[in-house]
Amino acid sequence: MVSNASLHQISLSVSHRRHSNRQSSILSITPSPSLTPPSTSSRPSTRRIHPETPPFQSNNPSLLFLHWNGRGELETEESSAASRLPRRKRARVRPQDHRGFPSDRFRRRSEELEESLLTPPSVKLFSPGRVLLQMSIVLTFGGQVPVIKVGRMAGQFAKPRSDPFEEKDGVKLPSYKGDNINGDTFDEKSRIPDPNRMIRAYTQSAATLNLLRAFATGGYAAIQRVTQWNLDFVEQSEQADRYQELANRVDEALGFMSACGLTTDHPLMTTTDFYTSHECLLLPYEQSLTRLDSTSGLYYDCSAHMVWCGERTRQLDGAHVEFLRGLLILLALRVGHEVSNKMDPNELVKLVEILNPNNKPGRITVIVRMGAENMRVKLPHLIRAVRRSGQIVTWVCDPMHGNTIKAPCGLKTRAFDSILAEVRAFLDVHEQEGSHAGGIHLEMTGQNVTECIGGSRTVTYDDLSSRYHTHCDPRLNASQSLELAFIVAERLRKRRTASQRLS
1 MVSNASLHQI SLSVSHRRHS NRQSSILSIT PSPSLTPPST SSRPSTRRIH
51 PETPPFQSNN PSLLFLHWNG RGELETEESS AASRLPRRKR ARVRPQDHRG
101 FPSDRFRRRS EELEESLLTP PSVKLFSPGR VLLQMSIVLT FGGQVPVIKV
151 GRMAGQFAKP RSDPFEEKDG VKLPSYKGDN INGDTFDEKS RIPDPNRMIR
201 AYTQSAATLN LLRAFATGGY AAIQRVTQWN LDFVEQSEQA DRYQELANRV
251 DEALGFMSAC GLTTDHPLMT TTDFYTSHEC LLLPYEQSLT RLDSTSGLYY
301 DCSAHMVWCG ERTRQLDGAH VEFLRGLLIL LALRVGHEVS NKMDPNELVK
351 LVEILNPNNK PGRITVIVRM GAENMRVKLP HLIRAVRRSG QIVTWVCDPM
401 HGNTIKAPCG LKTRAFDSIL AEVRAFLDVH EQEGSHAGGI HLEMTGQNVT
451 ECIGGSRTVT YDDLSSRYHT HCDPRLNASQ SLELAFIVAE RLRKRRTASQ
501 RLS
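Counted from 1, the sequence shown has number 381 at position 381 by full-length UniProt numbering; the numbering is strictly sequential.
None of these hints come from the bench; they were simulated from the model.
There's no promise every hint is true.
To be verified - Each computed BS3-like pair below joins lysine-lysine, with the alpha-carbon atoms no more than 30 Å apart:
id	residue 1	residue 2
1	Lys-168	Lys-412
2	Lys-172	Lys-406
3	Lys-406	Lys-168
4	Lys-172	Lys-189
5	Lys-168	Lys-189
6	Lys-350	Lys-378
7	Lys-412	Lys-189
8	Lys-412	Lys-172
9	Lys-360	Lys-378
10	Lys-406	Lys-378
11	Lys-350	Lys-360
12	Lys-149	Lys-378
13	Lys-494	Lys-378
14	Lys-360	Lys-149
15	Lys-412	Lys-378
16	Lys-412	Lys-149
17	Lys-494	Lys-149
18	Lys-149	Lys-350
I would like the entire structure built from these sequences, with the hints used as guidance.
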């Protein structure tokens, strides 16, 4: 285990190898309540992140600069977090950490946007969990591919912001950065970063994981219950009818297996695996949950099964990249619509090489989110550059973020047809390039919301305000999510059939 002394430093200073020409970065946490950066003349002590990297300090700050109100309070909270048990056991996930997610599987990733400390885990987990089970069975049985279920849950409390300040009615305050940093109420007190929130986020994440474990292994996720996973409000819909028909076919297959003497009480049939992920945004939180494995001598971030670098944290010489390259954990990179026009394929290759120098299959996932037209133009160049480098990555499509628009009523929304067009573009490009389309990433909910327009149960602009519940970005509801799953499953089935004919 890493000693507590190494985990509750006030600043995180990171470095690169001595032979590297790149400059290092530093994420500083200061007790100053002011909004100006601290003086570089009194830099706090350093923490060694990578076991092969000597301590080194630079004046190049992280782009995500935080100022906590009280040095002693931060020390206490980081020490408290460091002394707690990791939220996942390292030994339990060792095979996945070493091998990654197999490349022949289709990864289904869902997220419910940023988590809130005010919402009980049971409220946020049960309905989306049922939809995730439904979509997985649609893709597995309908598309005939194994599916890995990854959820952005049990840790996504931080919120990346483009603007450090927010202004309303002439009042300017620091932006809301997520419940583990500050509050969303627009007043001065709520917007002060509070390190106590990290402990509350840890506690709620642990409760969410416990509930998720019970959900996955307690019998509800057993495939024999496939006909019971429908949500009430979806029952009277085209997608519900299609799902019920598929569920009946699964039920018949299970009956056939039993008649042949094949048992259906194997753990693979009665339980399922859910993996958790979130953005590695708040480094003091991630750092406090990092442990050194005594058997391998390697560092693990025990806050999730997979963490990722976003648009604002994947700088080649940034603190977040330096922190992540020293961990033996599954990593993802988001290549998004915000900077994709400037994304040099060679830069992506350099980033992958930094984070995966031994080229371990499954360690790196590249999540692309560009919009349908950009996907067809820009993705091929990224695929070719990575292929030329010899690096092995998993390609995943996020069709949500590149298709956000503003409705006439002023609400943010996304069109189902645009989301579907980007998924199809993603699959088309991989077929043309001879590469593997590894999965899709959706923002969805099990609630009966009206946040994205379109779908077979048409949601119009006029419907948006009736059940628009999101505090962040618009999400697909259960019916829209299932519809998309059926379309993708059909595409995967056709691809599989075509490949079998060729062989």
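* Straight-line Cα separation of Lys-412 and Lys-149 no greater than 30 Å? -> Given pair Lys-412, Lys-149 holds - Cα atoms ~27 Å apart, limit 30 Å.
* Restraint check for Lys-406 with Lys-378, where alpha carbons must lie at most 30 Å apart -> Holds. Lys-406 to Lys-378 sits at ~25 Å (cutoff 30 Å).
* Asked: Taken at face value, is the distance from the CA of Lys-189 to the CA of Lys-412 at most 30 Å?
  -> OK: Lys-412 and Lys-189 at ~28 Å, within 30 Å.
* Asked: Can the restraint linking Lys-406 and Lys-168 be considered satisfied, given a maximum Cα separation of 30 Å?
  -> holds (20 Å)
* Asked: Does Lys-149 lie within 30 Å of Lys-494 when you go C-alpha to C-alpha?
  -> With a Cα-Cα distance of about 22 Å, the restraint between Lys-494 and Lys-149 holds, given a limit of 30 Å.
* Given the proposed pairing of Lys-172 with Lys-406, does the C-alpha separation stay at or below 30 Å? -> Holds, at roughly 24 Å.
* Given the hint that Lys-172 pairs with Lys-189, does the C-alpha gap stay at or below 30 Å? -> holds (13 Å)
* 30 Å limit on alpha-carbon distance, applied to hinted pair Lys-149 and Lys-350 -> holds (29 Å)
* Hinted pair Lys-360 and Lys-149, Cα distance within 30 Å -> With Cα atoms ~21 Å apart, Lys-360 and Lys-149 stay inside 30 Å; holds.
* Asked: Holds or violated: are the alpha carbons of Lys-149 and Lys-378 at most 30 Å from each other?
  -> holds (27 Å)
* Asked: Is Lys-350 close enough to Lys-378, meaning Cα to Cα at most 30 Å?
  -> Distance ~18 Å between Lys-350 and Lys-378 Cα, so the pair holds.
* Is Lys-412 close enough to Lys-172, meaning Cα to Cα at most 30 Å? -> holds (23 Å)
Checked against the numbered hints above, the structure breaks none of them.
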